[in-house]
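Protein sequences appear in the order of chains P and L. For the record, in the first sequence the residue sitting at position 435 is 435 according to my numbering, with numbers rising by one throughout. Offset between the second sequence (1-based) and my numbering: plus 439.
No lab work stands behind these hints, which were simulated from the structure alone. Computed from a predicted model, the values in this text were never measured in an experiment. Cβ coordinates follow ideal geometry from the N, Cα and C atoms, glycine included. Where hints are given, some of them may not hold.
Reference listing, derived: stretches of chain L covered by chain P, where coverage requires no fewer than 3 residues with Cβ under 8 Å from a Cβ of chain P [said to hold, decoys possible]: (1) 461 to 475; (2) 656 to 662; (3) 840 to 853.
Derived pair list, reagent style BS3-like, types lysine-lysine, alpha-carbon separation capped at 30 Å [as the list claims (entries may be wrong)]: (4) P:Lys-160 to L:Lys-775; (5) L:Lys-790 to P:Lys-160; (6) L:Lys-790 to P:Lys-66; (7) P:Lys-423 to L:Lys-775; (8) L:Lys-775 to L:Lys-790; (9) P:Lys-160 to P:Lys-423; (10) P:Lys-77 to P:Lys-66; (11) L:Lys-790 to P:Lys-77; (12) P:Lys-207 to L:Lys-775.
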Amino acid sequence: MATLERSAPAASPVHEEVLDNGLRVLIQEMHTAPLASVWCWYRVGSKDESNGQTGVSHWVEHMNFKGTTNIPRDKVKGIIEQFGGYWNGYTWIDQTTYTETAIRDALDRMLFIEAERMTNCLYDPRDCESERTVIISELQGGENDPDTLLDQELTAAAFKAHPYGHPTIGWLSDLQTMTREDLYAYYRRFYVPNNATLVIVGDVETKDALRGVARHFGVIAPGEVMRRSPTREPEQFAERRVTLQREGTTAYLKIGYHAPAIGDPDFFPMLILDAVLTGAKGINLWTSFRTPPPQRSARLYCALVNAGLASSVSGGIVPTAEPFLYTISCTATAGTPLARLEEALLAEIEAVRRHGITAVEREKAVHQLRARLVFENDSITNIAHQLGYFATIASWRILPTIRERIDAVTLDQVAAAASERLKSLNRTIGWFAPLPVSA
Amino acid sequence: MTTTTHPGLAPSRAILDNGAVVIAKRSQTTPAVTLHAAIAAGLVFDPPDRSGVAHFVSRTIDRGTRMRPAETIAEELDRRGVSLNVTVNRHVLSLVCTCLVDDLDTILALVADIVGQPAFPDDEVHTRRGEIVTMIRQDEDNPATMASEGLLAGLYGPMHGYGRRPRGSIESVEAIDRAMLGRFHETRFAPRTLSLVMVGDVEAAAAIEAAAAAFGSWQAPQPPPLQLDEVVPPVRRRVHVMPMMNKVQADIAYGFISIRRADPAYYAYWLMNNILGQYSLGGRLGDRIRERQGMAYYVFSALDANVIPGPLFIRAGVSPANVDRAIASIDEELAKLAAEGPTESELTESKQYLIGSMPRHLETNIGIAHFLQTVEFFGLGLDYDVRMPALLRAVTRDEVHDAARRVLVPDRATLVVAGPYAGQPA
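Please put together the full structure from these sequences, using the hints given.
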């Protein structure tokens, strides 16, 4: 067993290498704990899905935990756990990713698993059928939550052309009708080394790790992904509105604005703007859900929660490859009409559009974001996630510049972003207006 | 003040002159420190006739002190990027936050003020009551919460400290006022009920000194000891259905009363639970119900051995058409493990996993802080991280089998089904 002794931190620079088959490899030594984290990222997500195959990326992710040519189905269980390890995966709009974190001695096992996953998954027809109902259960579990339902409806209404509009889990009818062949063809098309980034962070030696990568991945042939650019979302010319009426106990309000992608100069001003409105979340999708933002003095918290109109408010702008949404979500307190909550929220939005933010607010937002950047780098798993995430949606080289980019945002840039991005023509408003629950 | 150090993770522990316990561990991963202040003021201390007080205190304690109005606290936290997370469980109310090292003294002083001198201003009590009522209404629309709370009420009774709804009912919360919150604080909050853990990039001695400066002058009378009703495990199977026909999926909560954390059999129960519903993707239950039958996205078991015998429970979310089949599968897996015990390889794998995952659980400041609070709460000893592997390795297959035989008796299970299901499972 590895010891629990910790040594002084020694984070090395990121080593980048591209294998002959196109696999991008990022390695960062970090000798703070006797652990290694491996992430394998694929540039495929729900935005790559066509009509009739929504949800295929996520279903494929599930299938890639069900045995390979060299990892028999009954040997999957425990393959990483015997090293005290954790493994998982997730799929979202731009990406599908798989991760293992375990003691450093398990590095070779982790690389073996990911190389197998890239090329040798089985797709046994019985497993495909069994997983179909598991995913439908996952979808229905989500639909038990009114806020999830509203989010799905709002996103679908906000995008009328771009595939960011459909839920990553897919529409039910597609989940009921897709075949094993659909899944396998999708897997073979996108799971090629030239469409992937492999990240290793932890208590490893770069040269040893690279040798392991070459041994496991070097023999995998590249493939042609034949990626098509998705339809560009046309400019929105009118405010959109969805009202969901179902039995429930609580009313929810959600507003989605078309937002800048990571490469847009407005992205960082929007990040500051969101921190002023709802508190800074940071930029790590993997960790940001786990720690609530510092928001007690944020504008919308004061105007909605402290005023007793909402029991919670949150804002979210996430780095994405293409323009997604900046979403503000509120839970109405019992007895508060949604119209009143919406009026108060929109009044704050109009105020920030007209007057921008103050220098004091900017300073606070910058400090919050700097602190979050420190807090969200507290584990090799989180650091490895960020490298892979940014490599997949844009470039990992953005990461070391983020603090600088945040510091450089001016009041004028925030004011301009607020004025342009938060205009009424750019938004979709969603209500979950509960109907009385029948006895 | 006395200080002791230990090998392994090697935290330092000090008892301040006023009786408060401070534990500090240096970790240099980031220039930050996680603070975890735990006070023995959990849900079990709710007045018998007024559930929800401890939770209400957790929502209002940081909303103004005698020295600082709520806005000042908000500003002090926010401008340092700190979010103070206040939670309450059965026995403990916790305040947890992470701050930059440079802000440590300021945040410690703020947390000490919040813990020792909360004011519970009337306007804040009014506003947070509205939030709590909304949360209770959300809970009542959530099959997973309803099933879980229903199970605990079924196992312990709705008035017992382990069976009461954590947030109380709308009726009870409507009646909680500032005076009630103040009385709860006065009765339960004292230096001798506080343990403060600090993990981060600061020397342990300096951290303890800083904690002493912040908390050392706090004085309050020793709270009365905890009194909890004895529990009697159910002797027959009981099934309760909570129809929620507006939902899509049903949630099953299925459980038993297990053992105390201090029970010598704890390690056998821990391994048994890992084999049953944790290992890899949900242990034997996950193999059967998710992997082979494709019935559930989540199915798992959890063991909450506590001050008194805590629950061992199984949770699953399934389509209403599969409720009966899922319960039958749970029954069969439990009966099988109780009849045959685990295999040797299952036992070896679970031991390897639980021992091998320690470095991962102790990688982050917050992970270490939670671990050290658990160690302190249950009196496991500051060398527990060093001793734990041997305690697990010593467990035999017979002991795990015996644990399964004792607790996994489907005929004595308590079951709650919440969701779009109006049947009556066997």
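Verification of the supplied hints:
no.: 1; hint: 461 to 475; result: holds (count 6)
no.: 2; hint: 656 to 662; result: violated (count 0)
no.: 3; hint: 840 to 853; result: violated (count 0)
no.: 4; hint: P:Lys-160 to L:Lys-775; result: 53 Å, violated
no.: 5; hint: L:Lys-790 to P:Lys-160; result: 52 Å, violated
no.: 6; hint: L:Lys-790 to P:Lys-66; result: 24 Å, holds
no.: 7; hint: P:Lys-423 to L:Lys-775; result: 62 Å, violated
no.: 8; hint: L:Lys-775 to L:Lys-790; result: 21 Å, holds
no.: 9; hint: P:Lys-160 to P:Lys-423; result: 19 Å, holds
no.: 10; hint: P:Lys-77 to P:Lys-66; result: 9 Å, holds
no.: 11; hint: L:Lys-790 to P:Lys-77; result: 15 Å, holds
no.: 12; hint: P:Lys-207 to L:Lys-775; result: 49 Å, violated
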